[in-house]
Structure formats: C-alpha cells, structure tokens
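J.: With the hints as your guide, set chain B onto chain A.
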Amino acid sequence: MKQPLALSQSQLIGTLSAILAALFLLSLFIGSNPIPLFQAARDALMDTPSLIALIFSEVRLPRALIALFTGATLGLCGAAMQGLLRNPLASPGLIGSASGAALGAVCMLYFGMSAITTMALPAGGMIGALAATVLVYLLAGRDAGTLTLILAGVAINALALALISLLLNLAPSPYAVREIVLWMMGSIANHSMADFQIMLPGVLLGWFLLIGTGRSLDALTLGEETTTTMGISLPRLRWRIFIAIALAVGSAISITGSIGFIGLVVPHLLRPLVDHQPSRLLLASAIGGAILLLAADICVRLFPAGTDIKVGVLTSLVGAPFFLYLIIKSRRFVL
Amino acid sequence: MSKQLTTALLLLICTFPIQGGEQPNRVVSINLCTDQLLLMLADSSQIASVSYLAAESNSSFMAEQAQRHQVNHEKIEELLNLKPNLILASEYSNRALIQLMQKLGHRVEIFPLPADIKGIQTNITRMAQLLKQEERGQQIIKQMNQRIDKIIKQQPAVRPKALFYQPNHYTSGRNTLQDTALRVAGWRNLAAELGIEGYNPIDIEDLLMADPEQLFTSPYAPGSHSLAEQQLSHPALQRVTTGRKMIEIDYKYWICGGPMIADAIEQLHRSLPQ
Numbered sequence: 275m276k277q278p279l280a281l282s283q284s285q286l287i288g289t290l291s292a293i294l295a296a297l298f299l300l301s302l303f304i305g306s307n308p309i310p311l312f313q314a315a316r317d318a319l320m321d322t323p324s325l326i327a328l329i330f331s332e333v334r335l336p337r338a339l340i341a342l343f344t345g346a347t348l349g350l351c352g353a354a355m356q357g358l359l360r361n362p363l364a365s366p367g368l369i370g371s372a373s374g375a376a377l378g379a380v381c382m383l384y385f386g387m388s389a390i391t392t393m394a395l396p397a398g399g400m401i402g403a404l405a406a407t408v409l410v411y412l413l414a415g416r417d418a419g420t421l422t423l424i425l426a427g428v429a430i431n432a433l434a435l436a437l438i439s440l441l442l443n444l445a446p447s448p449y450a451v452r453e454i455v456l457w458m459m460g461s462i463a464n465h466s467m468a469d470f471q472i473m474l475p476g477v478l479l480g481w482f483l484l485i486g487t488g489r490s491l492d493a494l495t496l497g498e499e500t501t502t503t504m505g506i507s508l509p510r511l512r513w514r515i516f517i518a519i520a521l522a523v524g525s526a527i528s529i530t531g532s533i534g535f536i537g538l539v540v541p542h543l544l545r546p547l548v549d550h551q552p553s554r555l556l557l558a559s560a561i562g563g564a565i566l567l568l569a570a571d572i573c574v575r576l577f578p579a580g581t582d583i584k585v586g587v588l589t590s591l592v593g594a595p596f597f598l599y600l601i602i603k604s605r606r607f608v609l
Numbered sequence: 138m139s140k141q142l143t144t145a146l147l148l149l150i151c152t153f154p155i156q157g158g159e160q161p162n163r164v165v166s167i168n169l170c171t172d173q174l175l176l177m178l179a180d181s182s183q184i185a186s187v188s189y190l191a192a193e194s195n196s197s198f199m200a201e202q203a204q205r206h207q208v209n210h211e212k213i214e215e216l217l218n219l220k221p222n223l224i225l226a227s228e229y230s231n232r233a234l235i236q237l238m239q240k241l242g243h244r245v246e247i248f249p250l251p252a253d254i255k256g257i258q259t260n261i262t263r264m265a266q267l268l269k270q271e272e273r274g275q276q277i278i279k280q281m282n283q284r285i286d287k288i289i290k291q292q293p294a295v296r297p298k299a300l301f302y303q304p305n306h307y308t309s310g311r312n313t314l315q316d317t318a319l320r321v322a323g324w325r326n327l328a329a330e331l332g333i334e335g336y337n338p339i340d341i342e343d344l345l346m347a348d349p350e351q352l353f354t355s356p357y358a359p360g361s362h363s364l365a366e367q368q369l370s371h372p373a374l375q376r377v378t379t380g381r382k383m384i385e386i387d388y389k390y391w392i393c394g395g396p397m398i399a400d401a402i403e404q405l406h407r408s409l410p411q
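Here the protein sequences come in this chain order: A and B.
The opening residue of the first sequence carries number 275 in the working numbering; numbering runs sequentially from there.
The opening residue of the second sequence carries number 138 in the working numbering; numbering runs sequentially from there.
I should point out that these hints are in silico values taken from the structure, not numbers from a laboratory.
Please note that the accuracy of each hint is not assured.
A few chain A residues facing chain B, derived, Cβ under 7 Å [claimed, not checked]:
hint: 1; residue: Tyr384
hint: 2; residue: Ala389
hint: 3; residue: Ala450
hint: 4; residue: Ala468
Computed, partial: chain A to chain B, Cβ under 8 Å [said to hold, decoys possible]:
hint: 5; residue: Gly305
hint: 6; residue: Ser306
hint: 7; residue: Asn307
hint: 8; residue: Leu325
hint: 9; residue: Ile329
hint: 10; residue: Val333
hint: 11; residue: Leu383
hint: 12; residue: Gly386
hint: 13; residue: Tyr449
hint: 14; residue: Glu453
hint: 15; residue: Asn464
hint: 16; residue: Ser466
hint: 17; residue: Met467
Estimated spans, in silico, between C-beta atoms of each pair [what the hints assert, rightly or not]:
hint: 18; chain 1: A; residue 1: Ser604; chain 2: B; residue 2: Ile384; range: 55 to 65 Å
hint: 19; chain 1: A; residue 1: Asp492; chain 2: B; residue 2: Asn337; range: 47 to 57 Å
hint: 20; chain 1: A; residue 1: Ala432; chain 2: B; residue 2: Asn337; range: 34 to 44 Å
Backbone N, C-alpha and C define an ideal beta-carbon position, used for all residues, glycine too.
Bound conformation, chain A alone:
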C-alpha cells in the first residue's frame, strides 16, 4: 500500500461523500424505537404533527447533524493546523484548542451567562479555544519542534482540565460535578435542534475562513522563506487560521464537550490519498472527520441501553493507539 493510490481529487471526495451520506442515513435509523423513517421525514417536512415526525426532527436529526458538523470541524481544523505548523502531531485536541473551548463553555453555562443570551455559550468556547491555541503557539515558539509543541499542549490541556474540574465543583448546580466527564470526553447525545442552531454560525464562519488557505498551505510546504517570497503574508495566514479554528472548534466544542483525536487521526489517514498536498487535504479531512464521528456515535448507540458511553471514549480508544504509532514512527526518523 506504499505507492500512491491512483485516485483523483473528485474521485476521492466522491467516495468519501458517499460513505458519509450512508452513515448519516444509518445514524437516523438508530434509536430506541424502530420508526418508519421515510414516513417520519415526510411528516416532518409536511409539518404533520405526528410522534414519529417529532422524534425524527427533534431527536435524531439534531444528533446526526451535530455529529456531522463537529466531526467535519475537527477533521478540517486538524488538517489546517498540521499544514500551518508543519507538524504531524498538531491537532485541536493535542494543542489545547478543544479543552480551552470546553473551559470557556463551562464558564458561560454553569454560571448563568448562557441563560441570559444563548450566544454566550459559543462565544465562551471561541474565546477559550483562541486563548489556548495562541498560548500554546507562544509557549512553543515559532519554529517549535514536534516535541516542544506537544509539551506546551500537554501543559495547557492539563491547566484547562484542572480549571474545568474546579469550576464544576464550585458551580451552584447540584448536577455540575457529574458533568465533568461529559466535558472532558465529549458527548453528542441528548441535544436538540436549538443546540445545533447555536453552534452553526461559528462553525460555518470558521469553515469559510479556511476555504482560501489551501494554496498558502501548499506554498508553506516549501518553507517559510519561500512562502514569503511568493507574496504570502505569514502572520496574516497564521492569525486567519487560528481565528478560524477558534470560531469553528469553539462553537462545536461548546455544545459537545472536548472530543479527542479526530483532528489528529483523520488528516494522517487521508494524507497519502491526496499526495501529501495540504490544499487537497482540507476538504477530504472535513468529510473524513464527519465520517469518523458519525461512525463512533453509531457504535456508541449499539451498546445496550443505559450504558451511556460517551462518544469521546470511543474516538480516544481509536485515536490514542494511533498517536502512539505516530510517535514510534517519528522516532524512527529522528534516531
């Protein structure tokens, strides 16, 4: 499998999209009650007030949509980050953006800010994500090696998680402490269409900002100096990507909690299929991330009812061994 697979970009995107569509549909089928899905969808579209339409439009559809958009965001942002930092281990989960976002969301939710205005929740997530990302970047320095970046990320991650625990212990709600695991592992169960609408604007804005960065990321593979001579402003590119990640990851994580490893694994798996070209990787990773999270969420729901396993547990179970594999592989090159 070492030789590059002969797939054109459109073929690759087409295949991935087909898988994504199939998983999205499958996700809508899975629930505690077998419901006639097409009838339910028709009722929901025609505004017929039926119970199956209600389950379809208010329980299953938001769950599938949140999985799709969160997965895509994490995959896309992972690809953009790896391209920008030219570091195979950069990803929203590892360098602290995700836990920063969760911390920001926790500040807003448990102390009543999001009850005043619903947009406080994603705003908190965005600020947290941006602060964590920039902090790690500054801590590690501009030409940071893989190791330095990961260490800075570990430190910021630990700090954010400790603060989340502290805040949830101090929160006035008697239910807060039990929700620590939810913010640390992430869950896309039990959300409503309203939650999806809360995360959507930030996510779309973040994606939009990332659309034009592909060519600059391609140029960056030739080195920073070459990029600058090609007329690309590096500081501007950096800030553009950091802000895009903050908007998209911040909004998504403020609804789902910190879901790990998707941003790390997906770009790696797809990179050989796009000839290691960052511009082609962006879209492919977005679709790949959505596929991975939807598949993980479907698996979580196949466990017997009442087990309530968080989707982040599953992505970490897949992601952590992969992370180890990456470390071992990079050691071979270094030593």
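T.: Chain B in isolation, oriented as in the chain A frame:
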C-alpha cells in the same frame, strides 16, 4: 449532711437520661425526613436539634419552624455535645455514625422512606408514639386522609396521561411517591405503565412515543444551570404536550414522605385539563 446528700441524689435522678415511659425531651434528628416529622409532632421544648437541610426552604416543608432550633451537620462531635436522649435517622443516614452512637449507648430510631400513603401513615404513627404525642399524630393523619379522600371522589372518568421528568432524564416509576400522588390526583403515570420501577432514567424517544399530555417536574435547585437541567427545556417536550408547559411541583412536598403529600396531590389535581 445527709439532707444535702439526699438532695444531690434526687437531683441526679431527675437529670438522668429518661428512658422508657417518659417523654423524650432532647430529641436530635439527623435527616431531613425525620426532621420534618419531628417538627410537626413534637413540642418545641422536646427538640434539641434538627439537620441543617431542615432550615433550607427549597428542600424543607418545615423550614420556618426549623430555623428556631439549633441545626446539626450529622457530625459525631456535634451530636455528643447535644446530649440527646433520642436520635432520629433515616435508612439512608450515615451507617457508621449511627453504629457509633448506638455503641456509646444512645437510642437511635431509623425510619424508612415511604413510597405510598400507607407508609407515610405508619411513619407518622411511629414518630408520634416515640415522642408521646399520639393525639397530635392521629390528628395529622386524619386531616391528611380527609384531604386525599376529597380528591379521590373528584377523580375524572378518563384519566389523562402524565409523566414526571427530572434533570438527567430521571422519571418516577412504580413504588414512588410521585406515582402514588399522580394516580390519586386522577392522572395516569406513563412511567409506571412503561414498566419503570422506582426512580430511573427514561429514554427521550420512549417518552415521546408514550405521548404524554402533561409533564411535571420538581426542581431540586431552582435557578441553577447545568446540562442535566437543560434537558428539561428540550423543544420536543413542549411540542409533544402540544404547547402545554411543564408544571413545577416543589420538591419539598415529597423529597420525604409526610402529610404535605396532600398539598402535592391537590396541586396535581388542580392541573388536570378542564
């Protein structure tokens, strides 16, 4: 000299902890459920201390009365300082603490948590006997029964479907006070009909498929925010009850079983669709 000795002996006998037939006059309760019964049944002079939860108005039905007494936090040193001659606890109180107090020679009475009207009556009767306030106990039971009987006579012919929904998807199935109260008030309890036993979570799809006409909730900490509490404002819940808002029944009516269940039943009855 001998006269002084007799007086001293007499004094000693009088202040000796009273056991058996005498009315206990230094009663300490360490659990909200026994606190409330104690406050209802005992003379103020009998009560040495109630738990701190009894004075909190969100959880306690007797908060006002409790504030007149010293509160305890279920700590051994506190309890010893109070020199109790009767300690009241619930079946969910700290086991180790109870065993220690018993070992030190204190009388501890443990009350079960009732799940129906009969259990409430049993608890009231037993508490009244312990406090030597039988007459007051019978009076309270009589009043409660009268209020409940009045509601039973007014039950509708066709019972509408209802369900209790709490943060984290918890509902009240069979063998819970909420189930008893719903049925007495004239509702059907869908959670019990779905086979849920006690307090357990219900899947939101199951809830929607059961098609409740009214949802009830009992806020445990009104005004606080968490993901668990956010579940109660899921838009599907309002749509399934065709816009009828979830009705809040204060938790203090049934966090412990007591005669105040009649208040909750009356509230549930009043919220029946006309």
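J.: Holds or violated: is there a CB of chain B closer than 8 Å to the CB of valine 333 of chain A?
T.: Valine 333 of chain A check passes; min Cβ-Cβ to chain B is 6 Å, inside 8 Å.
J.: Does the interface hint hold: is serine 306 of chain A within less than 8 Å of chain B, judged Cβ to Cβ?
T.: holds (4 Å)
J.: Was the hint right that isoleucine 329 of chain A lines chain B, CB cutoff 8 Å?
T.: holds (5 Å)
J.: Taking the least C-beta to C-beta distance, is alanine 450 of chain A closer than 7 Å to chain B?
T.: holds (5 Å)
J.: May I ask you to test the hint 47 to 57 Å on the CB atoms belonging to aspartate 492 of chain A and asparagine 337 of chain B?
T.: holds (56 Å)
J.: Hint validation: asparagine 464 of chain A versus chain B, beta carbon distance must be below 8 Å. Holds or violated?
T.: holds (6 Å)
J.: Would you check whether alanine 468 of chain A satisfies its interface hint, that is, whether its CB is within less than 7 Å of any CB in chain B?
T.: Since chain B brings a Cβ to about 6 Å from alanine 468 of chain A, closer than 7 Å, the hint holds.
J.: Answer holds if the nearest beta-carbon of chain B is closer than 8 Å to that of glutamate 453 of chain A; otherwise answer violated.
T.: With a minimum Cβ separation of about 5 Å from chain B (threshold 8 Å), the hint on glutamate 453 of chain A holds.
J.: Can the hint on methionine 467 of chain A be confirmed by a CB-to-CB distance to chain B that is less than 8 Å?
T.: holds (7 Å)
J.: So, as I understand it, the hint says serine 466 of chain A touches chain B; can you test that by seeing if any CB pair is closer than 8 Å?
T.: holds (5 Å)
J.: Let me know if the C-beta of alanine 389 of chain A comes in closer than 7 Å to any C-beta of chain B, holds or violated.
T.: With Cβ-Cβ at 6 Å, under 7 Å, it holds.
J.: Would you check whether tyrosine 449 of chain A satisfies its interface hint, that is, whether its CB is within less than 8 Å of any CB in chain B?
T.: holds (4 Å)
Hint check: no violations occur; every hint is consistent with the structure.
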